[in-house]
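*Asks:* If you want the building blocks of each chain, they are given just below.
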Amino acid sequence: MKMKWAKTFWVYLLVTAMIGVLSACGQSNNTNTASGNTGNTEQKQVVLSFMTTWSESDPFTGVYYKNAMAFEKANPDIKLDIETIPYNDYPVKLNTTAAGGNLPDLILMIGGGSMFEQIARSGALMPIDDMMGNWKEDFLPSSKIKEFNVDGKQYGIPGEVSYATVIYYNKKIMKDAGYTEFPTTYDAFKAMVKDLKAKNITPIAYGNKTGSVLLASLLSPLNERISGPDLYAKIKSGEQKFTDPDFMNALKDIKELSDIGAFNVDLNSIDNVQATNLFLSGNSAMYIDGSWGAKQISKDKAADLEVGFAVFPQIEGGKGSMSTMPGATNQGVVLNAKLDDAKKAAAEKFLQFMYSEESYQNIIRDGNMVPANVEAPADIDPLFKEMTGVLAGVKEITPVYDIVMPATVVTATKNGLQGLTTPGGSTPEAVAEELQKELGQ
Amino acid sequence: MQMFLRHKWIIAAGLIPAVVIYTMFSIYPILSSVYYSFFKWDGFSPKQWHGLQNYVNLIGDGVFWQSIRNNLYFVLFSVLGEIPLGLYLAMMLSGKLFRRDGIFRTVFFMPVVISTIVVSLIWNMFYNYQFGLVNTALRAVGLDHWAQNWLGNPGLAIFVLCIVVVWQYTGLYMVIFLAALQNVPSEVLEAAELDGAVGIKRTWHIVVPIIADTIFASVVLCISGALRAFDLIYIMTNGGPSHSTEVGATYMFSQTFSSMKYGYGSAISTAIIIISFGLIIISQFILRSVKR
Numbered sequence: 000m001k002m003k004w005a006k007t008f009w010v011y012l013l014v015t016a017m018i019g020v021l022s023a024c025g026q027s028n029n030t031n032t033a034s035g036n037t038g039n040t041e042q043k044q045v046v047l048s049f050m051t052t053w054s055e056s057d058p059f060t061g062v063y064y065k066n067a068m069a070f071e072k073a074n075p076d077i078k079l080d081i082e083t084i085p086y087n088d089y090p091v092k093l094n095t096t097a098a099g100g101n102l103p104d105l106i107l108m109i110g111g112g113s114m115f116e117q118i119a120r121s122g123a124l125m126p127i128d129d130m131m132g133n134w135k136e137d138f139l140p141s142s143k144i145k146e147f148n149v150d151g152k153q154y155g156i157p158g159e160v161s162y163a164t165v166i167y168y169n170k171k172i173m174k175d176a177g178y179t180e181f182p183t184t185y186d187a188f189k190a191m192v193k194d195l196k197a198k199n200i201t202p203i204a205y206g207n208k209t210g211s212v213l214l215a216s217l218l219s220p221l222n223e224r225i226s227g228p229d230l231y232a233k234i235k236s237g238e239q240k241f242t243d244p245d246f247m248n249a250l251k252d253i254k255e256l257s258d259i260g261a262f263n264v265d266l267n268s269i270d271n272v273q274a275t276n277l278f279l280s281g282n283s284a285m286y287i288d289g290s291w292g293a294k295q296i297s298k299d300k301a302a303d304l305e306v307g308f309a310v311f312p313q314i315e316g317g318k319g320s321m322s323t324m325p326g327a328t329n330q331g332v333v334l335n336a337k338l339d340d341a342k343k344a345a346a347e348k349f350l351q352f353m354y355s356e357e358s359y360q361n362i363i364r365d366g367n368m369v370p371a372n373v374e375a376p377a378d379i380d381p382l383f384k385e386m387t388g389v390l391a392g393v394k395e396i397t398p399v400y401d402i403v404m405p406a407t408v409v410t411a412t413k414n415g416l417q418g419l420t421t422p423g424g425s426t427p428e429a430v431a432e433e434l435q436k437e438l439g440q
Numbered sequence: 000m001q002m003f004l005r006h007k008w009i010i011a012a013g014l015i016p017a018v019v020i021y022t023m024f025s026i027y028p029i030l031s032s033v034y035y036s037f038f039k040w041d042g043f044s045p046k047q048w049h050g051l052q053n054y055v056n057l058i059g060d061g062v063f064w065q066s067i068r069n070n071l072y073f074v075l076f077s078v079l080g081e082i083p084l085g086l087y088l089a090m091m092l093s094g095k096l097f098r099r100d101g102i103f104r105t106v107f108f109m110p111v112v113i114s115t116i117v118v119s120l121i122w123n124m125f126y127n128y129q130f131g132l133v134n135t136a137l138r139a140v141g142l143d144h145w146a147q148n149w150l151g152n153p154g155l156a157i158f159v160l161c162i163v164v165v166w167q168y169t170g171l172y173m174v175i176f177l178a179a180l181q182n183v184p185s186e187v188l189e190a191a192e193l194d195g196a197v198g199i200k201r202t203w204h205i206v207v208p209i210i211a212d213t214i215f216a217s218v219v220l221c222i223s224g225a226l227r228a229f230d231l232i233y234i235m236t237n238g239g240p241s242h243s244t245e246v247g248a249t250y251m252f253s254q255t256f257s258s259m260k261y262g263y264g265s266a267i268s269t270a271i272i273i274i275s276f277g278l279i280i281i282s283q284f285i286l287r288s289v290k291r
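Protein sequences, first through last, are from chains A and B.
Numbers 0 to 440, taken from numbering that gives the first Met the number 0, label the letters of the first sequence in order.
Numbers 0 to 291, taken from numbering that gives the first Met the number 0, label the letters of the second sequence in order.
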């Protein structure tokens with residue numbers, strides 16, 4: 000009898016211990032985050048959790064990471080707890096953490112637009128209007144930061160400006176094929192594409208596996224050149240439809256380019272990096288990507304490869320012009336609405352530092368255009384300098400499709416464009432109808 | 000032991016931690032997913048009651064059915080590819096010729112150990128149009144017109160992916176069958192040989208019936224594995240070009256997290272659960288009738 004009770008006792012003990020361990024696991028996490036929130040008054044160090052895509056070795060965001068590290072060094076009382084998410088996974092991660100109400104203290108917004116607006120309107124972010132005194136209008140014009148403004152409230156400041164479409168071309172291949180000047184009309188451009196194809200040269204290298212490149216750097220400029228800057232607003236308000244001739248013509252143009260063999264055969268199976276390599280290894284005459292593509296090209300190109308830059312050509316009879324370009328402002332850090340005063344003060348210091356003249360100069364030096372009026376440093380990359388020279392004629396930025404349209408439509412468009420450029424794939428009519436249906440839901 | 004049996008509540012108490020964890024991380028998410036499937040919800044704005052509309056949309060959604068069809072291709076290729084191949088390799092390796100050579104087992108098992116991400120990247124390079132191994136080999140022997148964009152051809156891409164899956168998991172079933180074959184008594188085999196059952200005859204009439212239970216278990220494993228397929232496709236084609244390699248899981252993922260249709264995505268996952276259950280039950284039924 001005694002034995003039995005002893006056994007029961009041990010079983011009890013074991014079970015309680017297990018439950019204790021399990022619940023302790025849960026609790027210890029809670030206490031950790033709680034102490035992180037209140038901040039340790041003894042050391043007076045504020046820890047800011049920060050979700051971002053920035054990483055030291057990334058050619059596109061390395062400069063931001065280094066700026067952030069410089070901030071930490073200059074402010075030993077503030078510590079950044081950085082969580083780096085790969086670029087392609089970032090929107091999903093951002094959506095789910097925002098939907099779950101688990102946003103960190105600082106959040107990177109890669110761009111403004113529909114997703115950011117949705118999160119801002121849900122009340123999860125803190126407006127920074129009371130901090131805007133740190134930036135003077137002549138340093139940072141409000142027209143350049145409006146993508147981070149929702150319903151009259153400013154939430155963040157962009158680090159760079161990027162154009163969605165730059166045509167990079169191999170000067171030697173073009174010259175050998177008889178083109179010394181890049182065509183400025185779409186018809187001449189198309190004729191050149193046909194001619195290149197006939198000469199057995201792949202005209203344009205694209206890496207559209209994720210679907211985002213054709214969308215940003217081909218559909219966006221075609222829409223702008225055909226219909227002018229306000230097409231998307233009209234479609235969203237119901238004034239126009241995807242199935243109306245304006246948008247349909249852009250789809251037909253893409254289909255036509257695909258049919259005449261303008262792209263590499265595997266455009267939908269390779270990614271941007273692979274497409275850049277195709278271009279850099281002399282396997283295509285052109286490569287079309289956003290202005291950010293210049294960095295990779297400048298970094299990886301052989302010394303004797305001469306790269307030229309061109310603005311997307313004019314379409315005859317279209318409402319757009321070559322002095323406008325679809326583009327976006329990117330890399331703005333926004334604040335969690337739930338920050339306490341100590342953290343808010345630290346975050347303000349961080350923003351001040353990250354979007355200061357010095358930081359912007361670092362960003363330019365790294366090969367980006369910036370929204371602020373900053374003098375360009377003398378030691379910038381010559382290739383980048385050439386590109387900004389070509390783009391100097393662009394006076395106005397118009398919205399990019401994937402920034403303005405709702406996520407459902409963007410996903411459907413990506414798939415639609417892949418279908419258009421796949422042999423035996425979809426027709427422009429089917430794609431447009433699908434999009435209109437998606438928008439209506 | 001007797002004490003435990005007399006006091007059933009002790010057993011129950013011992014199970015509680017596992018049950019709690021399982022409920023929290025498995026049952027509850029499934030049920031909440033079913034619950035969300037009745038709403039129109041983008042994750043931010045308030046949920047709107049949508050009734051069965053998500054399911055009505057789902058039934059009319061061609062892409063969903065295409066993704067289920069692709070899932071079925073995966074099931075077919077897995078069951079008819081991995082299991083016979085695995086059995087064949089296991090028989091080879093347990094035969095007199097290779098019995099002492101551990102190296103072949105390691106080689107065939109290797110793909111199972113490699114992370115799916117690595118497998119996907121390697122095969123992506125194999126299938127690359129410009130400089131991939133497959134096309135280079137075809138061009139080298141003069142079959143230029145056979146060389147093509149394997150992963151970009153909507154009619155072909157899903158089968159091309161099936162090959163990768165078969166390559167990846169055959170080794171797993173080989174090892175399972177190797178273990179089962181060790182339990183086949185050598186006396187039986189010798190007796191069969193004396194009676195003149197050799198080669199395919201011996202395999203089909205003697206070996207297969209003895210390890211039948213293992214084969215059945217493997218088939219179920221195979222089916223559930225093929226229905227769960229996600230990572231390989233996500234990395235290799237991301238469901239593209241234009242949905243041609245979409246499977247249930249990737250479609251659910253893109254609808255829920257890229258298009259932010261949480262309600263519709265939940266409806267897709269619920270449908271996947273139902274279809275998977277159905278397939279498993281059907282396969283059990285078939286296997287049981289074969290057994291008899």
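Fair warning: there could be bad hints in the mix.
Here are the in silico distance ranges between beta carbons for each label pair [unchecked claim]:
| # | chain 1 | residue 1 | chain 2 | residue 2 | range |
| --- | --- | --- | --- | --- | --- |
| 1 | B | P208 | A | V272 | 51 to 59 Å |
| 2 | B | I113 | A | S236 | 47 to 55 Å |
| 3 | A | K145 | B | K46 | 55 to 63 Å |
Derived from the structure by calculation, the hints contain no laboratory data.
Every value quoted in this text rests on a predicted model; they were computed, and no experiment measured them.
Beta carbons: idealized from backbone N, C-alpha and C, even for Gly.
*Asks:* If a hint holds in the structure, say so; if it doesn't, say that too.
*Replies:* These are the hints, each one checked on the structure:
A C-beta distance of roughly 53 Å is found between B:P208 and A:V272, which places it inside the suggested range of 51 to 59 Å. Separated by about 52 Å at the C-beta atoms, B:I113 and A:S236 satisfy the suggested range of 47 to 55 Å. At about 31 Å, the CB distance of A:K145 to B:K46 disagrees with the hint of 55 to 63 Å.
The structure is inconsistent with hint 3 alone, although it conforms to all the rest.
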